[in-house]
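Student: Take a look at the letters that make up each chain.
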Amino acid sequence: MSPVQITPDRVTQEMLDYAAKLGQGVETLSRLGTIETGVTPREAVYEEDKLVLYRFRSPREAQSANAVPVLIVYALVNRPYMTDLQENRSLVRGLLDAGLDVYLIDWGYPDRADRFLALDDYINGYIDRCVDAVCERLGLDNINLLGICQGGAFSLCYAALHPRKVKNLITMVTPVDFHTPDNVLSRWAQQIDVDLAVDTMGNIPGELLNWTFLTLKPFRLMSQKYVDTVEILSDETAAKNFMRMEKWIFDSPDQAGEAFREFVKQFFQRNDLIKGNVRVGRHKVKLKKIKMPVLNIYACEDHLVPPAASKALREHVGTKDYLELEFAGGHIGIYVSGKAQKQVPPAIGKWLLDRS
Amino acid sequence: MTSSANDQWWQQWLQNWQALSGGQRPANPWAAALEQWSRSLAPPTPTYADVFERLMAQSRSFMGFGGAMGDAFESTAAPAEVRDLFLQSLEKLRQSLDGDFWRGSAEAAAGGLWQLPLQSWQRAASTMTGLPLELLHRAPGDSPTLSWAQQQLESALATPGLGYTREFQEQQQKLARLMIDYQNAFNDYALAYSEVGKRSIDRFGKQLKHREGAGEEPIASVKDLFNLWVDCSEQEYAEFVMGDDYVRLHGRLTNALMRLKSQEQEILDDRLEAMNLPTRRELDTLSRRFHEMRRSRRTLERELKTVRENQEEMRRQFATLQRKSKSRKKQKSK
Chain S
354 MSPVQITPDR
364 VTQEMLDYAA
374 KLGQGVETLS
384 RLGTIETGVT
394 PREAVYEEDK
404 LVLYRFRSPR
414 EAQSANAVPV
424 LIVYALVNRP
434 YMTDLQENRS
444 LVRGLLDAGL
454 DVYLIDWGYP
464 DRADRFLALD
474 DYINGYIDRC
484 VDAVCERLGL
494 DNINLLGICQ
504 GGAFSLCYAA
514 LHPRKVKNLI
524 TMVTPVDFHT
534 PDNVLSRWAQ
544 QIDVDLAVDT
554 MGNIPGELLN
564 WTFLTLKPFR
574 LMSQKYVDTV
584 EILSDETAAK
594 NFMRMEKWIF
604 DSPDQAGEAF
614 REFVKQFFQR
624 NDLIKGNVRV
634 GRHKVKLKKI
644 KMPVLNIYAC
654 EDHLVPPAAS
664 KALREHVGTK
674 DYLELEFAGG
684 HIGIYVSGKA
694 QKQVPPAIGK
704 WLLDRS
Chain E
51 MTSSANDQWW
61 QQWLQNWQAL
71 SGGQRPANPW
81 AAALEQWSRS
91 LAPPTPTYAD
101 VFERLMAQSR
111 SFMGFGGAMG
121 DAFESTAAPA
131 EVRDLFLQSL
141 EKLRQSLDGD
151 FWRGSAEAAA
161 GGLWQLPLQS
171 WQRAASTMTG
181 LPLELLHRAP
191 GDSPTLSWAQ
201 QQLESALATP
211 GLGYTREFQE
221 QQQKLARLMI
231 DYQNAFNDYA
241 LAYSEVGKRS
251 IDRFGKQLKH
261 REGAGEEPIA
271 SVKDLFNLWV
281 DCSEQEYAEF
291 VMGDDYVRLH
301 GRLTNALMRL
311 KSQEQEILDD
321 RLEAMNLPTR
331 RELDTLSRRF
341 HEMRRSRRTL
351 ERELKTVREN
361 QEEMRRQFAT
371 LQRKSKSRKK
381 QKSK
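Quick mapping for you: the protein sequence lines, in order, are chains S and E.
Mind the numbering: the first sequence is residues 354 to 709 in the numbering used here, read in order.
Mind the numbering: the second sequence is residues 51 to 384 in the numbering used here, read in order.
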């Protein structure tokens, strides 16, 4: 049988259908209005520079089953509203429903005034003061920390440097071993003169990082995705979901220069985290000092942080209470897919409750 | 499948690829209509302008692909050696990835897809420098004749700096050299994309032949064929970008852009200084000092807090000792 059987009539019909759907899609887009993200009610409980620490309020006004809150530390790249994208796609909402009191650090958009912020400022400064603010608010000595992606790497550093302030540590899609053979970003970073880039640009433009992420799978992410989307754009709900995701993907803050320099050189280029050589200010990060319980969640189809890069954590932490949770999906699906809503937040809630 | 049916398929397929390969392609009514239509539309709201643009660009690319398919299947030419001609048509498709394919129309079936990462780089790079990077790009594999822009730059470099403005001239010459370095880095980068794009066409052809041999369900829609083309491109690309050559090209391109930007900034700073205006260098120095002061203040605050806590603890201990001492005295006095 021939591998292609496309008739001229079929081509014509397909193109006509596509054009009709595209027309409907454009009409739908014109009706959408403002796209809201970050849907769960929240209040700012601490602010410093461009950082805001939020506490989320459960829409059901449910009493938290766990007295110890969880603080979400998101990555510096992209915006943290990915964790609370919409009502039915919200890690935050899921954690609230699992009986947790949820806090989140929003790093804001660094500008040239933030160019000299270093990892020390982020980890021993901002994160530490946010932890203190939550502890002070609730009269606690320690809290639960949930780090996502680069925020997970920051959380590992923080937990190693301030172990008494972290009761339980959860890492999600977090790179630990940056030199696994399938780590594309790490390969690309090897020949970049980071000193030259930071000395020249000051802050690293979000657009440059965005280009990097899109070129991991350029044909799917820059072309096929849009062609596929035309199929569903006539549905207003689907169009809104698509637009929310588009907004998030292209909402890329610039990166504070010094922190970027330190992160790329120490983590990506030298793989210092697993060698115990990462320096944050005057302190060296030793993952063996992480003795509190650790839940490490990774996505088996993650194209940004390969599973092996996350799973390496088991070999390097000092805790005996270490658990891995594999999610069958990708780096983004772990927050927003329907499957993730059913699996990930309840698993975190139960794991924390068992250790409360 | 009968021999005549097989020949018929290969004939159609050949015509399809000949149409896609560029040179003989008739005007594409689908993509042209979409282009016309999208121009008449305003983006839904300014917020969505970028998304609208991306959606339209990729729709044009897809309809260009579909339109070319339609034209090809309508053709009635009957080649004698279908398979040989099919290979030739693939060769023509490869040729569509020659030269400055990355600047071509998004409707070009092969170039349209493979130009995306390069055009996206162009946009990102253009936001980082005030220099007209677009002018610097000549097609990889072009004739040895350099583009007008490069000729100008090279002649500027051949002139030694003289007189009172010698330093200024040397700065400009350094800038020109860095522009050429960047141009060469970009051209090598684009050339590598062109080569890998061509390999993806081979992969595409092999996959179709494999389907035929394996007796798999035939591809019956343009969308499915487009998806297979995307899959083949992603697979070839994934192998390419993990290799040492790509890592070197990527690093060279990024570093060349940064060196160019750095020199541009240095020249700009010198001009600002001459006009008695604040420079980037000065602002960075101030920013660094300010940041160091903030750090010192934070450290002092932490130390002060510790001292206060220790003081409070000592006060508590002293009060406890005082109470105990008083109590002992009372007991003694009784």
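I should point out that these hints are in silico values taken from the structure, not numbers from a laboratory.
Honestly, I wouldn't trust all of these hints.
Stated by the list, open to error - Quick list of in silico lysine to any residue cross-link-like pairs, SDA-like style, CA-CA up to 25 Å:
#1 S:Lys628 <-> E:Met292
#2 E:Lys384 <-> E:Gln361
#3 S:Lys578 <-> E:Thr370
#4 S:Lys703 <-> S:Ala418
#5 S:Lys593 <-> E:Arg104
#6 S:Lys578 <-> S:Ser383
Student: For the pair supplied as a hint, Lys578 of chain S and Thr370 of chain E, is the alpha-carbon distance within the 25 Å limit?
Tutor: violated, 71 Å
Student: Taking 25 Å as the top limit, are the C-alpha atoms of Lys703 of chain S and Ala418 of chain S close enough?
Tutor: Measuring from Cα to Cα gives roughly 10 Å; hence the hint holds.
Student: Please work out if Lys384 of chain E and Gln361 of chain E have their alpha carbons no farther apart than 25 Å.
Tutor: With a Cα-Cα distance of about 34 Å, the restraint between Lys384 of chain E and Gln361 of chain E is violated, given a limit of 25 Å.
Student: Starting from Lys628 of chain S, check that the Cα of Met292 of chain E is at most 25 Å away, please.
Tutor: holds, 24 Å
Student: What's the verdict on Lys578 of chain S and Ser383 of chain S, does the C-alpha distance respect the 25 Å limit or exceed it?
Tutor: OK: Lys578 of chain S and Ser383 of chain S at ~20 Å, within 25 Å.
Student: Assess, step by step, whether the Cα of Lys593 of chain S is no farther than 25 Å from the Cα of Arg104 of chain E, and give holds or violated.
Tutor: Holds, at roughly 16 Å.
Going down the numbered hints, you'll see the structure goes against 2, 3, while the others check out.
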